[in-house]
Amino acid sequence: MTTLYLETNFFIGFAKNQDQDSDVLIYPQINEQISQITIVIPAISCMESLSVLEDERRRRHSFTERLERERNELKGNINSESSAEILRSLQTAKIHNEAMTNDIENRLFGVLKWAANNV
Numbered sequence: 574m575t576t577l578y579l580e581t582n583f584f585i586g587f588a589k590n591q592d593q594d595s596d597v598l599i600y601p602q603i604n605e606q607i608s609q610i611t612i613v614i615p616a617i618s619c620m621e622s623l624s625v626l627e628d629e630r631r632r633r634h635s636f637t638e639r640l641e642r643e644r645n646e647l648k649g650n651i652n653s654e655s656s657a658e659i660l661r662s663l664q665t666a667k668i669h670n671e672a673m674t675n676d677i678e679n680r681l682f683g684v685l686k687w688a689a690n691n692v
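Each residue of the sequence shown is one higher than the last, beginning at 574 in the working numbering.
Watch out, some of these pointers could steer you wrong.
[What the hints assert, rightly or not] Straight-line distance between alpha carbons at most 20 Å, and here's what the computed DMTMM-like set of lysine to aspartate or glutamate pairs gives:
id, residue 1, residue 2
1, K686, D596
2, K589, E643
3, K589, E646
4, K648, E638
5, K667, E641
6, K667, E678
7, K648, D596
8, K667, E621
9, K667, E629
10, K667, D628
11, K667, E638
12, K686, E580
13, K686, D676
14, K686, E646
15, K648, E658
16, K648, E629
17, K589, E658
18, K686, D594
19, K667, E627
20, K589, D676
21, K686, D592
22, K589, E641
23, K686, E621
24, K686, E658
Keep in mind that the hints were calculated from the coordinates and are not lab data.
Please build the complete structure, drawing on both the sequences and the hints.
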C-alpha cells in the first residue's frame, strides 16, 4: 500500500487545471488504480485552498476592472477601426476571464468534495 500525502498546491493545481495527471486520481477510469493508494490530506490544506481561491477571485476581479477602464476609454474613440477591434477583444477577454474564474471555483469545490467523500 502506498501513502499519498496531498497539500494545498494539489487542490489549487487541480482547480486551475495545471496538472492533467491529477484527473486520474480524482476521476479514475479503473477503481483498482486508486485502491492501492492511501490518501492523507491535512485539514488545513482544504482551508488554505479556500483562502487561495479568495485571492484568485480578487486578482481576477481586479483584472476585470482594468479591462473595463480600458473599454470605457476606447468607447470615446468612435472613428478608429482599431479602437473598435480592441474594444471587442477586451469584451471577449472579460467574458473569458469570468468563465475561467467560475471554472476554477467549480473545480476547486469539486475536488474538495472528492476529498471529503474519499479521504
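Structure-based check of all given hints:
1. This hinted pair checks out: K686 and D596 have alpha carbons roughly 14 Å apart, not beyond 20 Å.
2. Distance hint between K589 and E643 is unfulfilled; the C-alpha atoms sit about 26 Å from each other, more than 20 Å.
3. About 31 Å separates the Cα atoms of K589 and E646, which puts this hinted pair outside 20 Å; it is violated.
4. For the hint pairing K648 with E638, the CA-to-CA distance comes to about 15 Å; that is within 20 Å, so the pair holds.
5. A hinted pair counts as satisfied when its Cα atoms are at most 20 Å apart, and K667 with E641 qualifies at roughly 8 Å.
6. Distance hint between K667 and E678 is fulfilled; the C-alpha atoms sit about 17 Å from each other, no more than 20 Å.
7. Of the supplied pair hints, the one linking K648 and D596 is violated, its CA atoms being roughly 43 Å apart against a limit of 20 Å.
8. For a cut-off of 20 Å, the pair hint linking K667 to E621 is broken: about 27 Å separates their Cα positions.
9. A distance of roughly 15 Å separates the Cα atoms of K667 and E629; the hinted pair therefore holds under the 20 Å criterion.
10. At roughly 18 Å between alpha-carbon atoms, K667 and D628 fall within 20 Å of each other, so this suggested pair holds.
11. Only pairs whose Cα atoms come within 20 Å are accepted, and K667 paired with E638 is accepted, the gap being roughly 9 Å.
12. Distance check on the hinted pair: K686 and E580 sit about 15 Å apart at the alpha-carbon level, within 20 Å; holds.
13. Proximity of K686 to D676 is assessed by CA-CA distance (about 15 Å); at most 20 Å being required, the pair is judged to hold.
14. Only pairs whose Cα atoms come within 20 Å are accepted, and K686 paired with E646 is rejected, the gap being roughly 43 Å.
15. Annotation: proposed proximity of K648 to E658 holds, straight-line Cα distance about 11 Å (limit 20 Å).
16. Restraint check: the Cα-Cα separation between K648 and E629 comes to about 29 Å, which exceeds 20 Å; the hinted pair is violated.
17. The suggested pairing of K589 with E658 is violated, with an alpha-carbon distance near 29 Å, which exceeds 20 Å.
18. In summary, the hint linking K686 to D594 is supported, as the alpha carbons are separated by about 18 Å, within the 20 Å threshold.
19. Of the supplied pair hints, the one linking K667 and E627 holds, its CA atoms being roughly 19 Å apart against a limit of 20 Å.
20. A C-alpha spacing of about 8 Å is found between K589 and D676, which places the hinted pair at or below 20 Å, so the restraint holds.
21. About 18 Å separates the Cα atoms of K686 and D592, which keeps this hinted pair within 20 Å; it holds.
22. Straight-line distance between C-alpha atoms of K589 and E641 comes to about 24 Å, which puts the hinted pair past the 20 Å bound.
23. Taking the CA atoms of K686 and E621, the gap is near 15 Å; set against the 20 Å cutoff, the hint holds.
24. Our distance criterion of 20 Å between C-alpha atoms is broken by K686 and E658, whose separation comes to about 42 Å.
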